[in-house]
Amino acid sequence: MKLARRRLLHLAAGAAALPAASRFARAQAYPIRPVRILVPFGPGGGGDIVARVIGQWLADRLNQPFVIENRPGAATNVAVEALVRAPPDGYTLLLAASANAVNATLYEHLNFNFIRDTAPVASTNRVPFVMLVNPAVPARTVPEFIAYAKANPGKINMASTGNGLGPHMYGELFQQMTGVEMIHVPYRGGDAPALTDLLSGRVQLYFATMIGSIEQIRAGKLRALGVTTAARQPQLPDLPAVGEFVTGYEGSGWNGIVAPRGTPAEIVDKLNSTINAGLADPGIKGRMVELGAPPLSGSPADFGRLIAEETEKWGRVVRAGNIRAE
Numbered sequence: 001m002k003l004a005r006r007r008l009l010h011l012a013a014g015a016a017a018l019p020a021a022s023r024f025a026r027a028q029a030y031p032i033r034p035v036r037i038l039v040p041f042g043p044g045g046g047g048d049i050v051a052r053v054i055g056q057w058l059a060d061r062l063n064q065p066f067v068i069e070n071r072p073g074a075a076t077n078v079a080v081e082a083l084v085r086a087p088p089d090g091y092t093l094l095l096a097a098s099a100n101a102v103n104a105t106l107y108e109h110l111n112f113n114f115i116r117d118t119a120p121v122a123s124t125n126r127v128p129f130v131m132l133v134n135p136a137v138p139a140r141t142v143p144e145f146i147a148y149a150k151a152n153p154g155k156i157n158m159a160s161t162g163n164g165l166g167p168h169m170y171g172e173l174f175q176q177m178t179g180v181e182m183i184h185v186p187y188r189g190g191d192a193p194a195l196t197d198l199l200s201g202r203v204q205l206y207f208a209t210m211i212g213s214i215e216q217i218r219a220g221k222l223r224a225l226g227v228t229t230a231a232r233q234p235q236l237p238d239l240p241a242v243g244e245f246v247t248g249y250e251g252s253g254w255n256g257i258v259a260p261r262g263t264p265a266e267i268v269d270k271l272n273s274t275i276n277a278g279l280a281d282p283g284i285k286g287r288m289v290e291l292g293a294p295p296l297s298g299s300p301a302d303f304g305r306l307i308a309e310e311t312e313k314w315g316r317v318v319r320a321g322n323i324r325a326e
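In the numbering used here, the protein residues as written are 1 to 326.
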């Protein structure tokens with residue numbers, strides 16, 4: 001009787017171990033075919049290049065192609081919708097962006113909930129922005145600009161790349177935290193049109209990507225007042241952070257990899273560890289810094305917290321500014 005009972009317990013223990021063994025085997029084998037990385041931007045931009053750098057690293061380490069599939073449109077929403085409809089098997093991933101956190105409030109009728117319908121895999125990088133003015137503006141520091149703007153309410157034109165996008169949100173946050181009033185002038189086509197009009201003096205202020213504006217800054221064609229990240233950046237070490245003068249101000253972009261909700265944790269963890277190894281690699285790290293996209297590593301849970309915190313933060317800014325999608 002005892003022998004039969006012991007045998008039954010062994011069989012039960014073996015059966016209980018089967019799912020764990022199966023999950024381990026699945027993670028060990030993954031990937032066995034090409035993986036798609038959906039990129040919500042067109043080819044050639046910073047986000048696209050980051051995805052290709054990370055994708056090549058994953059392909060080299062996991063011995064399968066990681067194919068970049070550009071899906072621009074609707075301020076990243078086209079690509080997100082394609083992701084959440086994909087099977088949760090690890091073979092469709094998305095380069096997530098800070099715009100996803102803004103869009104949760106900016107768009108009233110999305111067909112998905114980004115936090116609910118995606119599984120965070122790994123953050124990849126920050127995207128520093130720079131507060132720029134035309135040299136004709138009589139302000140050389142953030143406090144001087146605040147004083148000038150308050151003395152000239154509604155007379156400063158602030159460029160952006162469109163409603164709800166990074167340059168607009170960082171400028172809107174600046175207004176809400178300092179009490180200055182500026183006229184928002186949205187452009188299309190990335191940094192180039194806004195920088196052109198900033199150089200000509202048609203607009204006076206622009207929150208630009210560091211990588212897109214650093215040459216004009218170094219040449220003295222535009223005046224940088226501060227970086228939007230919480231700390232100074234090594235590319236412009238003498239340039240203070242806006243937050244050094246406006247306590248609590250921080251408005252950097254970010255990217256990372258997400259998968260559809262329900263993707264097995266073992267696959268998420270395998271991707272996370274491989275991506276973090278890439279971000280620590282001196283060659284990859286140097287390339288990311290060159291792109292103006294300093295690496296941002298962490299666990300899936302860390303990335304999930306970042307997404308949740310950013311969604312709450314920018315939701316407050318959108319509501320306070322009564323901002324609507326174009």
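If you are wondering where the hints come from, they were derived from the structure by calculation, not from laboratory data.
Any given hint might turn out to be false.
[As the list claims (entries may be wrong)] Using 30 Å as the maximum straight-line C-alpha spacing, the simulated BS3-like pairs for lysine-lysine come out as follows: (1) LYS313 / LYS221; (2) LYS221 / LYS150; (3) LYS285 / LYS150; (4) LYS285 / LYS270; (5) LYS313 / LYS285; (6) LYS313 / LYS155.
Hints the structure violates: just list their numbers, smallest first. 1, 3
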